[in-house]
Each structure stands twice: as C-alpha cells, then as structure tokens.
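Visitor: What follows is the residue order along each chain.
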Amino acid sequence: MKIQKIEKKISLSAVMTGVVACIVLITLLSALFFIIKFYENAMKQTSITSSEQAVVQVMNTVESYTGDMAEIMEIIAENIGKDNPVLDDFLKNLLLIRSDVVAITTYDTAGRLLNCWSDGLQLKDELYQNLSYFEIENGTGLVISKPHVESLFVNYYPWVVTISQHMKNFQGEDILVCMDIRFSNIASYLDDVGIGQHGYCFILDTNGNIVYHPQQQLLYSGLKEEKTEMLTDFQDGVYTRSNVIYTINTLENCNWRIVGVCYVDEMITNKVENMIRISVILLLLVLITALIAGNLFSKAFAKPANQLAKAMGDFEEDAENFHFIPVRGTSEILSLSNSFGQMVVRIQRLMDKVRREEITLRKTELKALQAQINPHFLYNTLDSIAWMCEEERTEEAVEMVNALARLFRISISKGNELIPIEKELQHAQSYLKIQNFRYKNQFTYHFDVDSGCLGYLCNKITLQPIIENAIYHGLNRLIDEGRIDISIQENEDGISMKVKDNGVGMSLEQCEEILHREASDKTGIGLKNVHERIQIYFGENYGISIISELDEGTCVEIRIPKIQEGGYEIK
Amino acid sequence: MKSNRMRNILFGLFVILLIVCYVCGIGFIIRNLNPNEKEGENSKHYVAVITKSTTSAFWKSVFAGANAASTEYNLTISFDGPENEEDFETQNQMIERAVKNGAEVIIFSAVDYYANAEAINEAAKQGVKIVVIDSEVNSNKVSCCISTDNYQAGCMAGDAVLKSKEEKLFVGIINFDKNSANGQQREEGFRDTILSDPRVTIVETRNVLSTIENSKGETIDLLTKHPEINVIATFNEWTSLGVGYAIQELDLSEETMVVAFDSNVVSVGMLETGEVDGLIVQNPYAMGYLAVERAYQLINNLPIDETRVDTETTLITRQNMFEDECQKVLFSFD
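Sequences listed follow chains A and B, in order.
Using this note's numbering, the letters of the first sequence map in sequence onto residues 1 to 571.
Using this note's numbering, the letters of the second sequence map in sequence onto residues 1001 to 1334.
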C-alpha cells in the first residue's frame, strides 16, 4: 500500500523535470569546474607571459638607462684627467644636458669632498652629513648605491641614487667620482607599466632595497609593504606566492633587479564570478525549459498513461461490465490504447464463452445426475410394493405406486430445472409417503406451507435429498418416534424452506462435511449437489445452511429468491 | 469541462510567464557578457577634499596621498581650501559648493572647531558622508576621523623639550588659531608633558595667524620681550617656519631650542643648520590616502574598519634625520 502511494505521488513530469535538472546541473557544474580550471591555468599562463614580457621590456629600458649612466661615467673618466677649466666646462655642459644628473662630486681617498658640480644649486656651507659618499673598494668598477636623499644642497632634498667609481685625476691621484641621479625618467616610465589590472613593476637592488616603486610614497608612508626580504632570496625567474606572480630579472650591467608583480586572482575572480552568474541563469533557464517540457510531456504522455492505467484498474475490478473508452495521446499511447481496447473485447468475449460453457457443462452434469434414480431406493420401494401386493393391501400398493410414479414424473419435469414450489412439495410428499410406508410409520411428518409461495419457482429435487438425509442420518437411529417438519415461508429476501427433524443431530464438523460430501451410491443426490445448484442458479447469497444440535435434532434451511414463472433467465 | 478550460488558461499563463522569464534571463546573460561596459565614465563617484590650506607641503602631501587612492579606487576628486588658515567662512562656502556639485563624500579638515559645524551638519543632512582629517569639527555626523593623535604629538614635542640639558627651561609657545582643534590638542599635550618637570616655566603663549610673516614677527616680539626664553614650541608648518626665520634673524639658534611641526624643505634645512632642534613629522600622505580609501568604503557601503584612525608621528632630530627610516618620513618622493 505504502509503495503504491509513493509511486502515485512521483509523477512522470516531476521525474522528468528532476532528471533534466540534475543532468543539466551536473553537466553545467562539471563544465564550469573544468572551464574555470582551464581558464585559471590559461589566465595564469597569460599573466606569467605578460608579466615576463613587461619585465623584459622594463629591463631593457632600465638597462639602456643604466647603460647610459655607465657611458656617462666612462666619458667622465676620460675627461677627469683634464685640467680644471676644461673639466669644469665639460661637466657643466653634461649637467645641463642631463637634467636627471643632480650632482657630480669627487672625493679623495680619505673621503674628503674635493669638488662638487651641480646645475646652479647652492652647496651647503657646512655639510652635516653626506649621503652621496660611501666607501667602495678600489677597482670594483661602477657601483650604484641604494636610494637616498640628496644632502649636499641648501633646501634641496630630492631622492637620488649615487653611481660611484674610482678614477685618476689630472695629477694622477686616485679619486672617487660620484654621480647623483634622480631617476625621474625611469620613474615616470615605471609608473605607466601595468601588468593586468593592478600589477606593476618595481626596481629592487640585490641587497633588497627598493630603488624605485610606482607606489614609493605608499611604501614610505607605511601603507603598503613589499616582501623584499623574500624576493631578495629568489633567483631570477617566475614565482607564484599566494595568488601573486612575481617575475624577477636582474640587469646585466648593474645590481638592479626588475620585479614584476601581478595578481592572478583579481584577473580570474572577476571573470569566474561572471561565469558563475551566467551559469546560474542558464541553469534557471534550463530548469524553466524542463518544467515546460515536463508539463507538455505529462500532457502528451503521462496523463493518457494515467488514464490508461485507471482504465486497466477498472477493468481488473469489474471485467464483465467494463466499457473501454479509447485514450487520446501520442502514437505510442494510441497503439497502447488500441491494443488494450482489443484485449478488453477479446477477454470479455472469452469470459462470456467460458461462463456459458461452464453453465452448459454443469447443466448437463446435473441433468445426468437427476436422471439417475437411486437404484437401492427403487428396489426397496418396489420390494415394499411387491410385499404389499402379496399381503393384498392393494389400496396401499396402489397409493405407493402412484407416489412412485409422481416422484419420477416430477423428477424429470420435461427436463426443466426450475419447477413451481407446489410441484416440489408434491415430490417431497410422494417421497415421504413412500418412505413412511417403508419405515412402517416410524416417523411422522408435517407440512407448514405459506400458500403464497406455491407459485414461485425453485430448483427441482431440493427438498427430497434433505428429507432423505434427515431420515437416514437423523431418524434411522432413533428409538423414539421421529418427526419431520417441513415449512415454506416467504420473507423479504426470498423464500425460506426448512426441514427440521428431531433426530440424533450432528456436530459442527459433520454439518460442514455433509455440505461438501459427494453423494454416495446409497443415497440419492447429496446436499452438496443441492447447494451448488442453487448457487449456480441464484448466486452466492442463496443456498443451504444447517443448524444442528446433538441429540436435539437438525434444521436445514434452503434459501432461494422469489422468481415467478418466466421471470428467470440464465445468467 | 469548465474546470478543464480554466486549467488550460492557467497553463497558458504559466507558459507565458516562463517565456518572459526566459527572455529576461537571456537578456541578462547578454548584458553580463560585457560587464566592462556597465561601468561608464559618468558613474564615477565624486569626492571633495576641503582643507585648511592648499599651499603647504603638508597639504600637498595629503593631496598626493588622496590622489593615489582616488586613482586606485576610480574616484573623481577635487581639492579646495581657503587662502588663509583662519577663513572658516570660505570653507563653509566650499562645503556648500561641494554638496551642490554632487559630492558623495566630503573629506574635511576644520579651520574652526565650532564655526564649521553647522555647514558640515547641513551637508550631512543632504546625505553627504563626512570624513574628517587632521583637525576635527564639532559635529556628530562625522563617519570617520583620520588624523594624527594630536595630544600625543604634543606630548612627543614635550618629551623632546625635556631632553634638554639646561637647568631652567623658559618656554614660549607660538600656536595658531585658538579655535582650531588640532592646535589646541597639541598644545594641551605639550603643556601636560613639560609641566611635569620642575625645570619648566611657561613664559607666554601667543596665538598667531598661520602665516610665516605673522608668526615670525610675533616670535621676534616675544623673544625681545622675554629674552630669558630658551625653548620655543610651535605646532604647524607655517608657524614653524616663522619661528625658524625669527631665530635665524635673531641668530639665537645655539641658545634657543625650537620644537616644531611638519616637514617642509625649509624647516628640514633649519633642522640641519640648527635653528630648529626637533620636528614632529606627521604622515600626511597616509592621511590623504586613508581618507579617500574610507570615502570609497562609505560610498560602496562597505564596513569601515575603525571610525578613528591615528596616523603615525615621528620625532625627527638632527641626529636621526638622515637615518633610512627618517629619510622616508621626512622627504616625500615626487
């Protein structure tokens, strides 16, 4: 029952919608997953490539810039050996041409400032601290300092880097030449380099000092930090650290390194979010489609299928009276419906045929049975008659013969199964008369008949077997005088015929048994036969019932419907 | 039969509804495929920065920070400030104008703690969010305040003074406008710190106009009237320069200890040459940057981390001025 209920609840359209939704969901999710993965990889690759390209470009530019500076240093080296006015002019011109060179200073081996050239800047009277000077070993060639503030001039503090080199002056003494450079050119170039949306490049020296960063002031203000320590340890190459791609390249001609920073997730997350949004909408659309499709499907298939199923159920319940209305729908449904319709017709035809055949068969059997006359009964009766004739009790013998004749006549009744109750009563009386003669008045019998019932029909030979049963099984073994009461009454449901005796009675088992026992040779038609005949003709509501009590007697009731002459047709 | 027809009609409506959903969905997808087009130029949000002045190095640095942040957060930004630092009326007009021009956030530094309050409240009433930097205003409509902890900065100046080895400290204070909140807070911190020391006597406090000339004149006047003064404290960029020039003129750089505020190329020079002995340097760049960052958060209704942010201050003396970290604080990179 439970399973049936659940089955009923899950409709075909719902299942279809669900299945489609699931398939779409799974496909979409897996597709999304793989696409995102692929996309992520591709994006990462692109980011790395563009990062590398940007860094290489920056590197080339910066390299050419530092190359320029190195060249300038070389030119200075060539000219530093010249006399002062020439050198002065040369350096002044140089400072004019290269606006990014702030100052050129020379120091003796003890670190004392020898000379300073600048583009019209006022040198401080007293140098509190000179950040442009730092000791380098002789012979190391060109050295670039970390960025610092220019501290040589009055009220002028730009950020510079210092390029230092040992040279020989015109007197052949070893001096240190320092050139302070504002890297505004590189700076403005670097500011414009972008990798992705927020990526950038910055210059780091090999000691981990940031030479220039597009967000230098943010770094100085403590609003931003760059993981310089980590980056210093890295060799050149590409590194991915928690969604940040670092691309590092070291310049060939100095100790600067270009670091490209690129944020992978920002590039990917946006797109992925977008993709997810689109997918969700796609999913919704597909769900809607599935809903519509499911609905249409159910209209075209599920509903007719349900109708068909219901029709089948109806047919199952009441096959005989079922009338099939063809179901409309798709061709599959139509063919199903047609087949079912044909099947119904054929089954009904077959059922009819079988029933008719059964009835015919039964009738033939019954007729054959009824036609049989219990030979023992006949012999005994004839013996009795013969004996009466011998004793010259002619009248009684005549009566006996008449009764016997009537008995047989009614038994045959022109082959009709249903005879009026009156006839059946006569039959019973004849039988009782004969038996009473034979049993030498061992029992008495009484009839109590509602005269209104006499006209109704009943199966023939219904009372006789019961009376026979009462005599043989109830009264035969009785010492006292037996008594048989036969009553026929009309009531609401039909007609009730009762045969009551005061014989030995039966136990419940015996009652059961007697209803199901085939007739023996000795007795005529058994109770079972009577019961079956009534049921075949009138249905299961009618038949025989037995009430019995040991040593008290038995009452057998026969119930049949009220049927007038001609009012009956075989079902 | 009737219910059947009803059902058919309902089904039809259902299908139509679904089709409408369908069309909407497809439209949405198509629009979503080009998400970049959604953000047009005209959808840029406008943030107005109104400050006490626009000329000092301090404010230029604030603007630089604000600019950096506005580029990063894609905001339109404007800078405005009165010509002199006492002019709260012009400031109030600027607030009104900014509201009229559709500013969504006003980043404000009050000339006058009280006189600017009404204009700010009015602007807030129009739905403009207020972020205060540097100097506060008497209003409870302020969403966020980013400034130096002025009292603490005053204390820092006081500590610098107390490092002096002199036996007696006669202190003169040159402060700017009395109604300006940050100046008063700094002075309070300064006083509280130095008065704990028995060597200290505060000779006189002068409130001067926030210009070099006025503060220079007042300083010279103060020093001639009270020659015993050997410590001068002053609390903003212009008065610092004024005091520095006065000391230079009177040639008292050896005798007088000067603790001043804010970094300016000139005041740094004076620090080096000795007219100024200590500089309390704020972090104006961070102030500007953080203010615009908060403005962005306010516009987008993002949660704000703190309603009060204290930016760093550093005491710079002649000894540490060229140390790496101090260089970064003292000299802006441009």
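Mixed in with the good hints, there may be bad ones.
Here are the computed distance ranges between Cβ atoms for each label pair [stated by the list, open to error]:
#1 A:E225 x B:Q1152: 55 to 65 Å
#2 A:R241 x B:E1167: 37 to 47 Å
#3 A:D192 x B:T1224: 48 to 58 Å
#4 A:E74 x B:E1249: 41 to 51 Å
#5 B:L1302 x A:G208: 26 to 36 Å
Don't read these hints as lab results, they were simulated from the structure.
Yeah, the Cβ is synthetic: ideal placement off N, Cα and C, and Gly gets one too.
Visitor: Quick check: which numbered hints come out false for this structure?
Guide: 1, 2
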